[in-house]
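The residues making up each chain are set out below.
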Amino acid sequence: MTFNRRRSLTGLLFLAPYAISFVTFIVLPIIVAAYLSVMQFDLTAKGSIHYVGLQNFKEAWADQYFWSGIKATLSFVILMVPSMLVFALGTAIGLNAMSRGRNAVRALLFLPGLLNVAVTAILWGWFYDGTFGLFNFLLKKVGIGEVHWLSEKALAMPSIVVMTLWWTMGGTAIVLLAALQQIPRHIIEAAALDGAGKWAMFRKIVFPLLTPVLLFVVITNTIGAFQVFGQPFLLTKGGPELATRGLVQYIYETAFNNYRMGYGAAMSWMLFAIIAVFALLQYRLLRRSVA
Amino acid sequence: MKRLAEGLKNGLMTFLGLVFLSPIVLMVFTSMKPESEVLNPESAIPKHWTLGNFQHVLGWSEEAPFVRWLLNSVFVSTSTTLLVLTFSSMAAYAITRLKVPGGGVFLGIIVGAMMIPGQLFLVPVYLLLSKLHWLDTPAALIVPATAGGFGVFMLSQFMRSVPESLEEAAILDGCTTLGVFANVVLPLCGPAVATLGIFTFIGSWNDFLGPLVFMDSVRDYTLPVGIALYQASYYTQYGLTLATAVLGTVPLIIVFLLFQRYIVESMSSTGLKD
Amino acid sequence: MSPKAVFGGMLAFCVILGTIRANDTVIGGRKKTELSFWNGWTGPDGTAMLKMIREFNTENPDVEVSMQRIEWATYYNKLMVAELNQRGPELFVIHASTLPRMRRAGFVSDVSDLYSGAGAIRESDFDPYVLDQVKFGKEKIGLPLDIHPQGLYGNVDMLKEAGFVDARGNARLPVNREEFMRAIRAMMKTPKGDATPSVWGYSMTMWRNNFMSLVPQFDGHYLSKDGRADLANPGNIAALTFMADLAKNKLVPPPENQLGWVGYRQKKVGMVVDGVYMLGDLLRLEDMKYIGGPIPIIGNHAATMADSHVLCVKTGLSPEKREASERFIRYLSAHSIDWAKAGQVPARKSVRDTPEFRAMQVQYAFSKQIPTMEYPPRSTVLFELDFEIDHATEMAIRGDETPTAALKAATVNLQKVLDRENKDYGTGATP
Numbered sequence: 483m484t485f486n487r488r489r490s491l492t493g494l495l496f497l498a499p500y501a502i503s504f505v506t507f508i509v510l511p512i513i514v515a516a517y518l519s520v521m522q523f524d525l526t527a528k529g530s531i532h533y534v535g536l537q538n539f540k541e542a543w544a545d546q547y548f549w550s551g552i553k554a555t556l557s558f559v560i561l562m563v564p565s566m567l568v569f570a571l572g573t574a575i576g577l578n579a580m581s582r583g584r585n586a587v588r589a590l591l592f593l594p595g596l597l598n599v600a601v602t603a604i605l606w607g608w609f610y611d612g613t614f615g616l617f618n619f620l621l622k623k624v625g626i627g628e629v630h631w632l633s634e635k636a637l638a639m640p641s642i643v644v645m646t647l648w649w650t651m652g653g654t655a656i657v658l659l660a661a662l663q664q665i666p667r668h669i670i671e672a673a674a675l676d677g678a679g680k681w682a683m684f685r686k687i688v689f690p691l692l693t694p695v696l697l698f699v700v701i702t703n704t705i706g707a708f709q710v711f712g713q714p715f716l717l718t719k720g721g722p723e724l725a726t727r728g729l730v731q732y733i734y735e736t737a738f739n740n741y742r743m744g745y746g747a748a749m750s751w752m753l754f755a756i757i758a759v760f761a762l763l764q765y766r767l768l769r770r771s772v773a
Numbered sequence: 292m293k294r295l296a297e298g299l300k301n302g303l304m305t306f307l308g309l310v311f312l313s314p315i316v317l318m319v320f321t322s323m324k325p326e327s328e329v330l331n332p333e334s335a336i337p338k339h340w341t342l343g344n345f346q347h348v349l350g351w352s353e354e355a356p357f358v359r360w361l362l363n364s365v366f367v368s369t370s371t372t373l374l375v376l377t378f379s380s381m382a383a384y385a386i387t388r389l390k391v392p393g394g395g396v397f398l399g400i401i402v403g404a405m406m407i408p409g410q411l412f413l414v415p416v417y418l419l420l421s422k423l424h425w426l427d428t429p430a431a432l433i434v435p436a437t438a439g440g441f442g443v444f445m446l447s448q449f450m451r452s453v454p455e456s457l458e459e460a461a462i463l464d465g466c467t468t469l470g471v472f473a474n475v476v477l478p479l480c481g482p483a484v485a486t487l488g489i490f491t492f493i494g495s496w497n498d499f500l501g502p503l504v505f506m507d508s509v510r511d512y513t514l515p516v517g518i519a520l521y522q523a524s525y526y527t528q529y530g531l532t533l534a535t536a537v538l539g540t541v542p543l544i545i546v547f548l549l550f551q552r553y554i555v556e557s558m559s560s561t562g563l564k565d
Numbered sequence: 004m005s006p007k008a009v010f011g012g013m014l015a016f017c018v019i020l021g022t023i024r025a026n027d028t029v030i031g032g033r034k035k036t037e038l039s040f041w042n043g044w045t046g047p048d049g050t051a052m053l054k055m056i057r058e059f060n061t062e063n064p065d066v067e068v069s070m071q072r073i074e075w076a077t078y079y080n081k082l083m084v085a086e087l088n089q090r091g092p093e094l095f096v097i098h099a100s101t102l103p104r105m106r107r108a109g110f111v112s113d114v115s116d117l118y119s120g121a122g123a124i125r126e127s128d129f130d131p132y133v134l135d136q137v138k139f140g141k142e143k144i145g146l147p148l149d150i151h152p153q154g155l156y157g158n159v160d161m162l163k164e165a166g167f168v169d170a171r172g173n174a175r176l177p178v179n180r181e182e183f184m185r186a187i188r189a190m191m192k193t194p195k196g197d198a199t200p201s202v203w204g205y206s207m208t209m210w211r212n213n214f215m216s217l218v219p220q221f222d223g224h225y226l227s228k229d230g231r232a233d234l235a236n237p238g239n240i241a242a243l244t245f246m247a248d249l250a251k252n253k254l255v256p257p258p259e260n261q262l263g264w265v266g267y268r269q270k271k272v273g274m275v276v277d278g279v280y281m282l283g284d285l286l287r288l289e290d291m292k293y294i295g296g297p298i299p300i301i302g303n304h305a306a307t308m309a310d311s312h313v314l315c316v317k318t319g320l321s322p323e324k325r326e327a328s329e330r331f332i333r334y335l336s337a338h339s340i341d342w343a344k345a346g347q348v349p350a351r352k353s354v355r356d357t358p359e360f361r362a363m364q365v366q367y368a369f370s371k372q373i374p375t376m377e378y379p380p381r382s383t384v385l386f387e388l389d390f391e392i393d394h395a396t397e398m399a400i401r402g403d404e405t406p407t408a409a410l411k412a413a414t415v416n417l418q419k420v421l422d423r424e425n426k427d428y429g430t431g432a433t434p
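These protein sequence lines are chains A, B and C, in that order. In case it helps, the working numbering puts the first sequence at residues 483 to 773. In case it helps, the working numbering puts the second sequence at residues 292 to 565. In case it helps, the working numbering puts the third sequence at residues 4 to 434.
Mixed in with the good hints, there may be bad ones.
Residues from chain B that face chain A, not an exhaustive set, calculated with beta carbons under 7 Å [said to hold, decoys possible]:
1) M381
2) L389
3) K390
4) V391
5) V416
6) A519
7) Y529
No lab work stands behind these hints, which were simulated from the structure alone. By construction, the Cβ of each residue, glycine as well, lies at the ideal position given by its N, Cα and C atoms.
Work the whole structure out from these sequences, hints included.
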């Protein structure tokens, strides 16, 4: 046996534990999910599982709750991703400009990300409470009446977005800060010598250099936002009037409250298709904007 | 003038940091208020400091075994981290250095699979775990978590930048492949492995959907689901629920403070190699 | 630190923790019949039940019952899946209204023998209507432990201030629509210069339960006689219209901010309608004076909604486990006066007839509604029905739909579910 051959055989042994896990918990579930999505399968009537073709997908297409779920999820994505991007980029630029105490502030911004979703929801549920909440207490102090943060249809989703921003913005800002710091100083200095203004410098030099990272940030945040579940589930239970019941929550309730496993799997595939389309679109658009 | 602008920038960002910190400080303060003061936010700082809420939470062991939840969370998160680090680093080494046939294609598949939303796996993994009789055991939370591709992807990126000459020297010295991996490659990847470990630990510690769906026995809950259960039954008493929140967060904040330098530094340096 | 040391340390740590966990899991001694008992009593009711279980375990040294509580929201899913995986509990609680759906999964055992033979619990000790809930053909698939009707809670001080006192000067609750509206108006307090009241006479709690408590008063129903969805009947519309009008006329806190139960316990609301089980939360308060009573007659006659916690046994148990399970159920039923203390109405008439029970003000007052109470419909699609009612009441009370339109939409959606059920399982709406 040659040295390289032996090495690659050893390599297979090194790869095996992860590969087995990957096949068992990712590849196999994908196959099962595909199988389930064309079956009628109710857990409470176990013996009755049978093939129904594309009926689950057709049902979703005609299901008003499926569409209200998509609407809620989309409204979260549309509010969340751009505000996250603007806010995190602004913070990163601010941090980059700091001359003292940058590391301490960076740590403070990251701290909320350590809280789990249950704790975050308890805390903000108290802030947002209509009568006993902290925000309304502060508003009353300055003479503004009660605001129904979580139970006014127009406000519920934005309130959840603000909470999520506080919760997750730090990590994204740190990633962007790292990218900013990697831009070689001499490029900036050369541009400054050429008399470039601050805005022009940002637009012509910093932004293009940041694009790969921005692409990464936008796509990962979009994928994450499409999967929003914990925050509305714990804060509003999906209300008011289903305004915050996203698709993942509906899938969860379909599969685990109404026991319709097949229908749940079919809707999961549809969610995946939507995410894939969005991720691809963003990739294309952002790539083009640099070129 | 320039110093003024600089001071302004520093001040503004420090203020932002404090704004982000304030909810957590408020949570800690409020958990130390007696119930009568909690709903009356006249002053952020308690008039009467008390540890009564904590005593109540910790003393409620039969109904809400908080210490047990803590133990479960530490066990699950540590085991998950250990397994993820072992599997991912070995796989990354095999792909980037041992040149496994098809390794590059496999890496591509792994990265592609990262795009698939986790919800798609929820029902099938659930059925699979039930077939394995792993539901309601810690294995249900630990083992499936090792399948995620992020670790392999990240460590592969990092290992490519480790100079091959060091490895060759070790091989010439008679090191086995495992020896090279453990004694040469892993130490060189220290920061990247530490980052991955911390991310994995935080992710596992805060996982909500997994334990919500896979665990039944209250005694086997991890903290997030336990805290949510506590909140559901004591929703009328903010002081108590905030005390559980503080207790559930403190261990993580300790981990964060211990590894703060690693977390932030290596997060900045490794996440973005390409 | 070398990576090897870190990995080794973590491994050792995991092994130690795992050992501690494993050892900690062993409960009870050997040679005992171990029974697991699941329910959703996560509040003070669970504390009372734990106490009863401890007493049972002491009195029955050969049996060890351990209780497992899961919040009702996820309870049924967990129970069903655990049972289907053969790792579910021997004993469990199912709401009377949920029995039809759970029965279909085939893990709930017939316990007719509890009602006959030695040490039997006499059927005549139950109200026939309650017993009917556990009857499926010839089978009886559980024993009702309690009855939990919805009723009216009032704040004593606020009632007195509003002039609701009896001949002896004690506070009393309004008993009809006119009195109820008068009480609501009399209790509202609006500080000078403020637009909204700071104290309210009444606040809705859970809209669905509030609605379903009024439906029988207006002779409404959910399913037609032939099992079709029929939510938009005149009775239901009248009940929902009453609720929507309260909101429209600003006699309750705005729909976006129902103070509900928390408002009541904070003394910002004079009266609320809720289940007898909420009493447990009031018992925790030291400085609150309250009374309970029947829901005022808003519709055509007195009535309310109720349900029961039914004690059930898993199918296919060994004779020892089966015997021990039935012994436990008999014990709980016989000691249901202790259960009543936590805020429940015992299902057994003999227990309700004791002076001890009659001395429990709220429980006894709520129990007077038993002759006119109605349970949710016996249907396999109850979860879906609940969801549709949640949605319809929300739309109507918030004023985004008329009660008629909201209930009509809910009927259409529910009929879709029923059609699917009939096609797939042929079970129809009522078993």
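- Task: Would you settle whether the hint for B/L389 is holds or violated, based on the nearest Cβ-Cβ distance to chain A being less than 7 Å?
- Result: holds, 3 Å
- Message: Interface hint check: B/M381, Cβ to nearest Cβ on chain A, cutoff 7 Å. Holds or violated?
- Response: holds, 4 Å
- Query: Was the hint right that B/A519 lines chain A, CB cutoff 7 Å?
  - Reply: Given a least distance of 4 Å, the restraint on B/A519 holds.
- Does B/Y529 pass the interface check with chain A, least Cβ-Cβ distance below 7 Å? Constraint on B/Y529 satisfied, holds at 6 Å.
- Going by Cβ atoms only, is B/K390 closer than 7 Å to chain A? Cβ of B/K390 sits 6 Å from chain A, so the hint holds.
- Given B/V391 as an interface hint, is the shortest Cβ-Cβ distance to chain A below 7 Å? Since chain A brings a Cβ to about 4 Å from B/V391, closer than 7 Å, the hint holds.
- Query: Taking the least C-beta to C-beta distance, is B/V416 closer than 7 Å to chain A?
  - Reply: With a minimum Cβ separation of about 5 Å from chain A (threshold 7 Å), the hint on B/V416 holds.
Hint compliance for this structure: no hint is broken.
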